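Generate the whole structure from the sequences, applying the supplied hints.
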Amino acid sequence: MTATFQTLLARPWIWSFVGAGVVWLAAIAFTGGYGAGGMLTAALSLSVFTVIVGVGQMFVITLGPGNVDLSLPANIGLASAVAMKTMGGDDRLVIVGLAAAIACGLAVGLANYLLIWALRIPPIIATLSASFIIQSVDISYGRGLQIKPPPGFADFTNIVVAGVPMLAILTVLFTIGAGIALNRTIWGRSVVAIGQNQRAARLAGLKVEPVRCATYALCGALGGLNGALLAGYFRGANVDIGNEYLLASIAVVVIGGTSVSGGNANLPGVWGGALFLVLLLTMLNTFGVSAGVRLLATGLIIVAVIAAAGGEKRPR
Amino acid sequence: MTTSAALSAPPANANGAEWRRRLRAALPALSLALVVAAIAWLNPRAISYFGFTLMLNLAIPIALATMAQMFVIAGNDLDLSIGTFVGFVCCVAATWLHDAPWLGVLTLVGCIALYAALGALIYLRNLPSIVVTLGMSFVWQGLAILLLPKPGGKAPGWLQAIMGVKPPFIPFPIVAAVVIAAVGYFGLMRTSYGAILRASGGNALAIERAGWSLLRAKMTLFALAGAFGVLSGMALVGITTSADANIGNGYTLLSIAGVILGGGEFVGGRVSPIGAVLGALTMAMAASPLLTFMRVPPDWQVAANGAILIIVLAARVVITRRGSER
Numbered sequence: 011m012t013a014t015f016q017t018l019l020a021r022p023w024i025w026s027f028v029g030a031g032v033v034w035l036a037a038i039a040f041t042g043g044y045g046a047g048g049m050l051t052a053a054l055s056l057s058v059f060t061v062i063v064g065v066g067q068m069f070v071i072t073l074g075p076g077n078v079d080l081s082l083p084a085n086i087g088l089a090s091a092v093a094m095k096t097m098g099g100d101d102r103l104v105i106v107g108l109a110a111a112i113a114c115g116l117a118v119g120l121a122n123y124l125l126i127w128a129l130r131i132p133p134i135i136a137t138l139s140a141s142f143i144i145q146s147v148d149i150s151y152g153r154g155l156q157i158k159p160p161p162g163f164a165d166f167t168n169i170v171v172a173g174v175p176m177l178a179i180l181t182v183l184f185t186i187g188a189g190i191a192l193n194r195t196i197w198g199r200s201v202v203a204i205g206q207n208q209r210a211a212r213l214a215g216l217k218v219e220p221v222r223c224a225t226y227a228l229c230g231a232l233g234g235l236n237g238a239l240l241a242g243y244f245r246g247a248n249v250d251i252g253n254e255y256l257l258a259s260i261a262v263v264v265i266g267g268t269s270v271s272g273g274n275a276n277l278p279g280v281w282g283g284a285l286f287l288v289l290l291l292t293m294l295n296t297f298g299v300s301a302g303v304r305l306l307a308t309g310l311i312i313v314a315v316i317a318a319a320g321g322e323k324r325p326r
Numbered sequence: 393m394t395t396s397a398a399l400s401a402p403p404a405n406a407n408g409a410e411w412r413r414r415l416r417a418a419l420p421a422l423s424l425a426l427v428v429a430a431i432a433w434l435n436p437r438a439i440s441y442f443g444f445t446l447m448l449n450l451a452i453p454i455a456l457a458t459m460a461q462m463f464v465i466a467g468n469d470l471d472l473s474i475g476t477f478v479g480f481v482c483c484v485a486a487t488w489l490h491d492a493p494w495l496g497v498l499t500l501v502g503c504i505a506l507y508a509a510l511g512a513l514i515y516l517r518n519l520p521s522i523v524v525t526l527g528m529s530f531v532w533q534g535l536a537i538l539l540l541p542k543p544g545g546k547a548p549g550w551l552q553a554i555m556g557v558k559p560p561f562i563p564f565p566i567v568a569a570v571v572i573a574a575v576g577y578f579g580l581m582r583t584s585y586g587a588i589l590r591a592s593g594g595n596a597l598a599i600e601r602a603g604w605s606l607l608r609a610k611m612t613l614f615a616l617a618g619a620f621g622v623l624s625g626m627a628l629v630g631i632t633t634s635a636d637a638n639i640g641n642g643y644t645l646l647s648i649a650g651v652i653l654g655g656g657e658f659v660g661g662r663v664s665p666i667g668a669v670l671g672a673l674t675m676a677m678a679a680s681p682l683l684t685f686m687r688v689p690p691d692w693q694v695a696a697n698g699a700i701l702i703i704v705l706a707a708r709v710v711i712t713r714r715g716s717e718r
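Order-wise, the sequence lines are chains P and C.
Counting with the working numbering, you get residues 11 to 326 for the letters of the first sequence.
Counting with the working numbering, you get residues 393 to 718 for the letters of the second sequence.
None of these hints come from the bench; they were simulated from the model.
All values derive from a computational prediction rather than experimental measurement.
Glycine included, C-beta positions come from ideal geometry on N, C-alpha and C.
One or more of the hints may lead you astray.
Here are some chain P residues pointing at chain C (derived, C-beta under 7 Å) [unchecked claim]:
no.: 1; residue: Gln156
no.: 2; residue: Lys158
no.: 3; residue: Val202
no.: 4; residue: Thr308
no.: 5; residue: Ile316
Below you can see the structure in the form of structure tokens.
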């Protein structure tokens, strides 16, 4: 029993769940236990969106130092507009709209990789430049877009089964699938190997560039899916709908115990990190603090958590 | 600098490589010249004393923010909070610095100390600077909103007077850009401690073995970034005369783009202060005057920024491709 407890403590992701639990307890202590369950349901609903992009970002970050996708917010915004336009408020076109959003995100991911590969520039600057262009496309394409999501789709994103949102259940299944892909497929193992030592991975005969391409494409596609789901959940597309997911996607990956320098991925931690972030905001809202204090506290807590978790051991 | 490289290189292969290296070094200046030429062609009247004063109005704060970012990048880090930091400094300058100068000065000095402390934290705990500064960007924005919930405030008169100087013949922004570039160049490229600072990004281990404190180098780089961030915010509020908590948000991306356009690289301590200022001027001119003259609709101006970055980076690849493979 103590042995299992100790192996559990040794897992880096456990701390993100502990953190999530602590902020939840702090919030319900403030309300005197009122709305404890509802708070969890709401947190699960909102965590879903962070987890979907967090998983994509995690695979990209695991590719190694400098790999990060900064185009996610623009990507999410554009995909949300594409999904709403394709669906056109018609329930029969939901699948088509979802496919269009995912295809749009996939195209963004491939474009990102193309820039990284062809210009041999750091992914940070490549995805940043790409995000400028995507943002403009979105502003121009989605101008004055006021199409509501199809009622069936909007309802679907809001279904709650026994206190657990339907989307959260599906996302848990998706996370398990991602875990299998990470640990049991050639692609997943290659991502980790490249992150640990790209040169060694190439010399060992791994197809480094196709794997990187697939990883950026996957991250883009997940951004697209997230855009469509967000537009359904929040009842409409919006250029700024993805803005908060730049910090959130990177933060949940790091809080969850994935190594920022790559080569060490941690899937359960993405859920823990997402719940922690969402519950943190819920807690601050419960306390009724102003927008300024909320931003200040979020920033300070993120810096404190990262500082407490510490970085990699410095090679000597 | 150039002559020593030319002398030590073997003559046969050197011409092509040397030519490429020079072309690459000249790329920031060439991009700027191209943008100015395009503006001159589209609207000849813009090329005048008042034209440049207007077009380069915001170039001074952008150049200062780019210098701040350059110091951070020199140490292989990235500051994603510089934009909101500039915004916070604007708010401090438009409120406390105007109403209670000593409190304002104290706060701004405290900000620089906080930047140095962040550098120490990042070094001692070996943290990813992207995440730490992303978190800090929320902190600065939160503080700015607390200080100035609604746009307003008033910049101190002396600050407005400095930013409104009209020197004879040469527009003030150009004079300021030359001064900023010169300070950066002599400070970082021509002093011995500047070489140590750059080397802390190039080969940290060698610097440590040689007995230099990496902690001190990192703190110095971040403190310099903080100092230039403070100057950037003060320059910005001197121009706009009042502040807004979100005023600096775009500066994070502009500053990174400026450093990269100026020939800087993310790793290896390879940066160029003169290039960074040229890059900042290019971004400032390309960002709106050029696009307005080209009748690019506002929707597409952000895309044009991205496209300019991609074109310059592509040009760099074409120049270096058959040169020295990294």
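Comparing the hints with the structure gives:
1. With a cut of 7 Å, the hint placing Gln156 of chain P at the interface with chain C is violated, because the nearest CB-to-CB distance is about 17 Å.
2. A hinted interface residue such as Lys158 of chain P counts as satisfied when its beta carbon comes closer than 7 Å to some beta carbon of chain C; here the least separation is about 24 Å, so the hint is violated.
3. Because the smallest distance between the Cβ of Val202 of chain P and any Cβ of chain C comes to about 18 Å, over 7 Å, the interface hint for this residue is violated.
4. At its closest, the beta carbon of Thr308 of chain P sits 5 Å from a beta carbon of chain C; the interface hint therefore holds under the 7 Å criterion.
5. Taking 7 Å as the C-beta contact cut-off toward chain C, the hint placing Ile316 of chain P at the interface holds, the least distance being around 5 Å.
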